[in-house]
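There are 4 protein chains.
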Amino acid sequence: MKLEENQIFNNYFKNLSDRERAVFEGGITMGALFHQFVGAPISSKNKEIMEKSIEESMKNQPCVEDIWVEILGAPKDKYVSLDGNMLIVKLKIKINNTTAILGLKYIKELDYPLMYVEEIL
Amino acid sequence: MKLEENQIFNNYFKNLSDRERAVFEGGITMGALFHQFVGAPISSKNKEIMEKSIEESMKNQPCVEDIWVEILGAPKDKYVSLDGNMLIVKLKIKINNTTAILGLKYIKELDYPLMYVEEIL
Amino acid sequence: MKLEENQIFNNYFKNLSDRERAVFEGGITMGALFHQFVGAPISSKNKEIMEKSIEESMKNQPCVEDIWVEILGAPKDKYVSLDGNMLIVKLKIKINNTTAILGLKYIKELDYPLMYVEEIL
Amino acid sequence: MKLEENQIFNNYFKNLSDRERAVFEGGITMGALFHQFVGAPISSKNKEIMEKSIEESMKNQPCVEDIWVEILGAPKDKYVSLDGNMLIVKLKIKINNTTAILGLKYIKELDYPLMYVEEIL
Chain A
1 MKLEENQIFN NYFKNLSDRE RAVFEGGITM GALFHQFVGA PISSKNKEIM EKSIEESMKN
61 QPCVEDIWVE ILGAPKDKYV SLDGNMLIVK LKIKINNTTA ILGLKYIKEL DYPLMYVEEI
121 L
Chain B
1 MKLEENQIFN NYFKNLSDRE RAVFEGGITM GALFHQFVGA PISSKNKEIM EKSIEESMKN
61 QPCVEDIWVE ILGAPKDKYV SLDGNMLIVK LKIKINNTTA ILGLKYIKEL DYPLMYVEEI
121 L
Chain C
1 MKLEENQIFN NYFKNLSDRE RAVFEGGITM GALFHQFVGA PISSKNKEIM EKSIEESMKN
61 QPCVEDIWVE ILGAPKDKYV SLDGNMLIVK LKIKINNTTA ILGLKYIKEL DYPLMYVEEI
121 L
Chain D
1 MKLEENQIFN NYFKNLSDRE RAVFEGGITM GALFHQFVGA PISSKNKEIM EKSIEESMKN
61 QPCVEDIWVE ILGAPKDKYV SLDGNMLIVK LKIKINNTTA ILGLKYIKEL DYPLMYVEEI
121 L
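Residue numbers (this note's numbering), protein chains in the order written: chain A, 1 to 121; chain B, 1 to 121; chain C, 1 to 121; chain D, 1 to 121.
Derived by calculation from the structure, the hints in this document are not laboratory data.
It cannot be assumed that every hint is accurate.
Just so you know, same-sequence chains aren't split out, so a pair can sit in one copy or run between any two.
Subject to a maximum C-alpha distance of 30 Å in a straight line, what follows is the list of computed DSS-like cross-link-like pairs (lysine-lysine) [what the hints assert, rightly or not]:
1) Lys78 x Lys2
2) Lys105 x Lys2
3) Lys108 x Lys90
4) Lys59 x Lys45
5) Lys47 x Lys14
6) Lys47 x Lys59
7) Lys45 x Lys105
8) Lys108 x Lys52
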């Protein structure tokens, strides 16, 4: 993004602290990732390239410093539609000097793939 | 959700202020909405029911108090794939006594469908 | 679509019989429907409007004469991501005097949401 | 897939000729690909891995012999949501001794990303 565009962009976020901006951008990326890729045909054959491709796609999003995606339970002799419960994600968002570490993982007690904020540094 | 599950759920968010939690959940819902429905076949014939259906689907997400979706430029004599630039969204997230109003709209200067936080009350 | 556009469109399908064209268009609509809407937040609250909205969206696709969507197992006190196994679809494609009836349903023995052609009339 | 499952699977397609089955499976894969990946964040940085990842994901689908995906116009200094008009796909489906070659490309006169059957051998 060019400098001028960057300024227009940042003007929209003047009302947020760096911590707030970090978790906002992190939330967007988590929601985007989940709803973009859930449903995709997955097996042990394309598990690795899918993980890498989700990571590289999401690195395009604003303020994404780094991201790690793991797909659990990709079957060997058949394929399934990627289910949100199969995803483990760790996401690092950086706003100025603030870094938020976010996570996505399946929580058994809730039977729910939870997006959460691990810590803000 | 049952009371006990609600407690497990909230335990994951102890490290966030109500404002932070509100913009985090708002970010998730915005990212989810965009990446779930972009690409859907849309024309003037199904514009209204698609708007309503996106709203009702997203009201399932945690902490979504209310949401308004408008689809601009749905054509009359043909159909297109729903483009993110056609979306206008207003979203209200409530965490205890804190309410965040979030928006999604196409910004011409950026040629970009921006998700932003309008205000936190 | 205007008459002239319609002709350009049909030129691409000269090499197919009406039966072949019907199952081709039916396949596209089934694949589209599945991969567009799987993952969407669903509960008993938005089950009906989601079914209707998927139907109306898919009626935009070429040659779709009619379509019926049913979502099974939408939960009452929580929500889930729409899973392909929850979908039952019946689809009617018409090419000139040929009508193809297609289906999508979960097949227990295969543990798989199967898309198939019921009959061609 | 195991032999027994394969038989159950094929039983559903007894009513189709090999040509019909080939274009049906091809249609499914085209519709699936389009509606799964349209909307994904794309730039010159992740163009190649996204192309490869779409190919490997779709090779899981039944009867897909080979597939080539190209993404046109991925920008350099920013990112966009993947638009269906940016996709060029060539797909090879094999049913017994019949091979169908299918395509997806943007047709300027129609302003439409057309899925079509190039030839059946």
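Hint by hint, here is what the structure shows:
no., hint, in the structure
1, Lys78 x Lys2, "between (46 Å within a copy, 9 Å between copies)"
2, Lys105 x Lys2, "between (35 Å within a copy, 20 Å between copies)"
3, Lys108 x Lys90, "within (18 Å within a copy, 33 Å between copies)"
4, Lys59 x Lys45, "both (23 Å within a copy, 9 Å between copies)"
5, Lys47 x Lys14, "neither (40 Å within a copy, 33 Å between copies)"
6, Lys47 x Lys59, "both (19 Å within a copy, 12 Å between copies)"
7, Lys45 x Lys105, "both (22 Å within a copy, 26 Å between copies)"
8, Lys108 x Lys52, "within (26 Å within a copy, 32 Å between copies)"
Of the numbered hints stated above, the single one contradicted by the structure is hint 5.
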